[in-house]
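Asker: Residues per chain, in single letters:
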Amino acid sequence: MKKRLIISLCILFLLFTIGVGITIFYIYKTTRDLETVVNLHRVEIIRQNLVINTQTVQTHLYTIGTAFGSEVDVIVEHVSDLDKSVQSCRGCHHSKELTERLDRLSDMVEQYKDALSALITTTANKERVERLRLVAITLGNTLLSMVQEMAFTADQRLYKKTINALRDINNSKIILFITLSTAFITALLVAIIFTRQITKSIGMLISATKELKAGKLGVIANYPYKDEFRDLSEAFNDMSLTLKKNHDELLGFARRLSHLYRVTIPLYSLSEAGMPYKDLTEIVKELFDARDSKILLKDNGRFIDIMDKEISIPQKEMEALYLYYKKEPAIFRKELPPPIGDEYIQTISGSALFIWIKEQEKLSGLLMVYNKTSGDFDDTDLNIAAILSNIISVSFINVKLMENLRAQMKELKETQEQLIQAAKLAALGEMASNIAHELNNPLTSIIGFSELSQEETDIETIKKDLKIIEQESIRAKEIVNQLLEFARKRSIKIGDVNLNILLKEVLQLASLQLKHANIQVIEEFDEIPTIKGDHNQLKQVFLNMINNAIFAMPEGGTLTLRTGKIDDKVFVDVEDTGHGIPPEILQRIFEPFFTTKKEKGTGLGLSISYKIIESHGGKIEVKSEVNKGTRFTVLLPINLAS
Amino acid sequence: MMKMVFAFGIFFSLVIIPDRCLSQDYSKNEILIGLIPEENIFRQMDRYKPLGEYLTKKLKIKTRFTILSRYGDIIDRFMARNLDGAFFGALTAVLAIEKLGVEPIVRIQNIDGTSTAESYIIVRKESGIRDVKGMKGKTIAFVDRATATGFVFAIAYLKEHGIANPLNYFKEYYFTGSHDSALLSVLDGRADIGVAKSTIVKERIRRDPFIENEISIIARSVPLPDVTLCLSKRLDRRLKEEIKEILLTMDKEPEGITVLQKLGASKFITASKEDFVPVYNLLKKADINIRSYSYR
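So the sequences go chain by chain: A and B.
Under the working numbering, the first residue of the first sequence is numbered 645, with each subsequent residue one higher.
Under the working numbering, the first residue of the second sequence is numbered 19, with each subsequent residue one higher.
Be careful, since some hints might not be right.
35 angstroms max Cα-Cα, derived DSBU-like pairs, lysine-lysine [said to hold, decoys possible]:
{"no.": "1", "chain 1": "B", "residue 1": "K220", "chain 2": "A", "residue 2": "K740"}
{"no.": "2", "chain 1": "B", "residue 1": "K270", "chain 2": "A", "residue 2": "K770"}
{"no.": "3", "chain 1": "A", "residue 1": "K770", "chain 2": "B", "residue 2": "K67"}
{"no.": "4", "chain 1": "A", "residue 1": "K770", "chain 2": "B", "residue 2": "K302"}
{"no.": "5", "chain 1": "A", "residue 1": "K728", "chain 2": "B", "residue 2": "K78"}
{"no.": "6", "chain 1": "A", "residue 1": "K942", "chain 2": "A", "residue 2": "K889"}
{"no.": "7", "chain 1": "A", "residue 1": "K728", "chain 2": "B", "residue 2": "K67"}
{"no.": "8", "chain 1": "B", "residue 1": "K280", "chain 2": "A", "residue 2": "K740"}
{"no.": "9", "chain 1": "B", "residue 1": "K270", "chain 2": "A", "residue 2": "K728"}
{"no.": "10", "chain 1": "B", "residue 1": "K280", "chain 2": "A", "residue 2": "K728"}
{"no.": "11", "chain 1": "A", "residue 1": "K728", "chain 2": "B", "residue 2": "K258"}
{"no.": "12", "chain 1": "A", "residue 1": "K770", "chain 2": "B", "residue 2": "K154"}
{"no.": "13", "chain 1": "B", "residue 1": "K285", "chain 2": "A", "residue 2": "K728"}
{"no.": "14", "chain 1": "A", "residue 1": "K728", "chain 2": "B", "residue 2": "K220"}
Chain B is nowhere near these chain A residues, computed Cβ spacing over 12 angstroms in every case [said to hold, decoys possible]:
{"no.": "15", "residue": "Q692"}
{"no.": "16", "residue": "S761"}
{"no.": "17", "residue": "L802"}
{"no.": "18", "residue": "D812"}
{"no.": "19", "residue": "L941"}
{"no.": "20", "residue": "D1023"}
{"no.": "21", "residue": "I1035"}
{"no.": "22", "residue": "I1090"}
{"no.": "23", "residue": "T1239"}
The set of hints was computed from the structure by calculation and includes no laboratory data.
Backbone N, C-alpha and C define an ideal beta-carbon position, used for all residues, glycine too.
Bound conformation, chain A alone (with noise of 0.2 angstroms):
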């Protein structure tokens, strides 16, 4: 293509070279054809002035002398027109004979202009004049004669010339048109012809790109002729054939990384022992597109097949056989066997792939995979198989890790509540004797009336008495049962709490405590939804912290209990007037065992409440300024989380 387009450029080029070639001949031509015309007319006034002057002077002839000649300086001045005239003639290139008539009118001229002056000063008689004047007047019309002859003869030529020259310019015209058509066409029909060839060629291989990007991967686009176009469509095809090898080991790549993550995922979330071992196999089989594959694992000193019991080979053996491999995955062949193996994996027809099952680097286990259904295995096989290996070892030490972490999270359970019952305990510690003085009043009346009424004859006043211990035991009973209550181990029950009820609960049960400690209580409850959570855990949060509050108001003060509802979330403010605490020790206040109530405090208080509230989903916040006192907002979840 490119050598035709070169070769088609270059005859245009010489088409259009020979086409201007002409062009600037015959325009060169014409123009001096035409100049020549020019010239011949220019040279035509010219002998007609000169006829005219001729004349002219002739005229003066008959009139000098006489009343009606003119002056002088009028006929030196025609004469001069005369002779400038002829002059001019001369000037111009002629022929040798023309230039020899010019010559001879020159002389002519002279002669008349000497017959002429002689005329014009002679001072003589009549007859002498008359002979000068009859001299001149013959010079003069041999002059004119002379002078009308070269006109006509130029005449004559100028016609000729000018018909000529006309005939030049048709035919330069003519010569011209064909010419420029003969190159327009030409270049026309070259120009329809490569476009033609280019737009076909284009559009085979738009064709053939457009099946391409339709996904009709490997198409080849046939191009007849031999040039550029071909080699474009040689190397669109060797594209396209490229794209779908490309392609088809793509396809290859992602069937096996899906068939690896088949594999991989169930491996990566056993969370117990309980191997899909079958799955496990069907799915390597198809990783390795192998007819069968077998799982052996170590179990009492030799490496047993997990669906066939019967199939074991020896842990020396494999052992053995795991060194030779040098611990990484490898490709056993019947043709070229190991030195080392036992009795089965003689029986191995064709070849095997070896995947190791590691636990620290110590054999535990050999996945094989047989018979490969195209081929042979080959290093992408390999590669598949290290990191196979590797999830298989890897998941294996997952399930044996979570059994240990599912033992370790039963016994940091145990201890968890083993801690909280502690707390609990411990905040019961702390009201114990002002539940010891609670109990003492109803016990004290229960033992004055049953002294009484063993000192009492009248029934009626025993009754009274009787009524009276009956109505006091059975508040000591109540205030034992609530202590009971709390007291009791229980396990987390998880049920709608009013935070207002439960508030008012643990009020009741320190409102003995805050009386004698002359703590004023202001309850600014809103109306808030209930909310999801255990009730005993939360009431021993509040109960810890307005214990905590009242220890901090030794001489008495305020306590507000307050609480609200935020977007999703509800609130618990325990804010009291007391001495407030510290920066560096509000930054430590929720560590466990971290006190300041020495030997009245366990410091696991709030580190438990912490612990409790961020189980619901919510948060502690803590605001306090020494000597005015401390603000704890508790903010929990309407819904608890999962």
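Take the given structure of chain A and dock chain B to it, following the hints.
Answerer: Leaving out everything else, chain B in the frame of chain A:
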């Protein structure tokens, strides 16, 4: 203060304003100079035309030449056409000085270094005319009555040789009007004897050396002043001086030299009335009283 301004004005007009500026201020639009037909009038006009253009350029006043058909017309035409000056021959110059009061300004110095011309009496060699005696009964071609070199010398010569009435001595006489016509009349046989100026004859011989073999000079005059430019007494003196200065210095510059070459001169030299003493002597020999001379 006014006195100072006046004094400065006088000083400025006398000293600061150059003569050249003054010369630009002539009231004339054209200077017209006459030519006597000493040769073919067309050729003569061609010779003088470049000089007219040169003067026009230098003076910045159009300077034109007019040919005078006959010598005898010169005085009348000078007055009739109100000429500013003319290139006169020796006798016409004397006539003009006497009758018109013109002032000789410059004379033409010929290529050969002469500024004078002689009068030749010429005959064809084969005519057999060798002296005054041989002239008797022949046809003679004079130039004009108003020429020293074309007529007066021949009369004086004949009178010196004892011919009391020279014009009756010939069968026929006529006036060609120009010196070269007189020569041509002899050459082509229209006249047996011709009287013409030496400069014209030499110029003709220069152009056509065969002429020298065809003619014989049987008498020649003393050198007489050749063509002299005389300017009218009415012309502004400063303009006269300027024209004189231009003409006297034109041989110092290339353009002027070219013009002089076309004129057939080497330069212009100063002319004066004293130059014409030989003419007056010649007139005396010819018994011609210039004041009463009928030159027409």
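Asker: Could you check the structure against the hints above and give me the numbers of any it violates, in ascending order?
Answerer: Of the numbered hints given earlier, those the structure breaks are 2, 6 and 16, listed in rising order.
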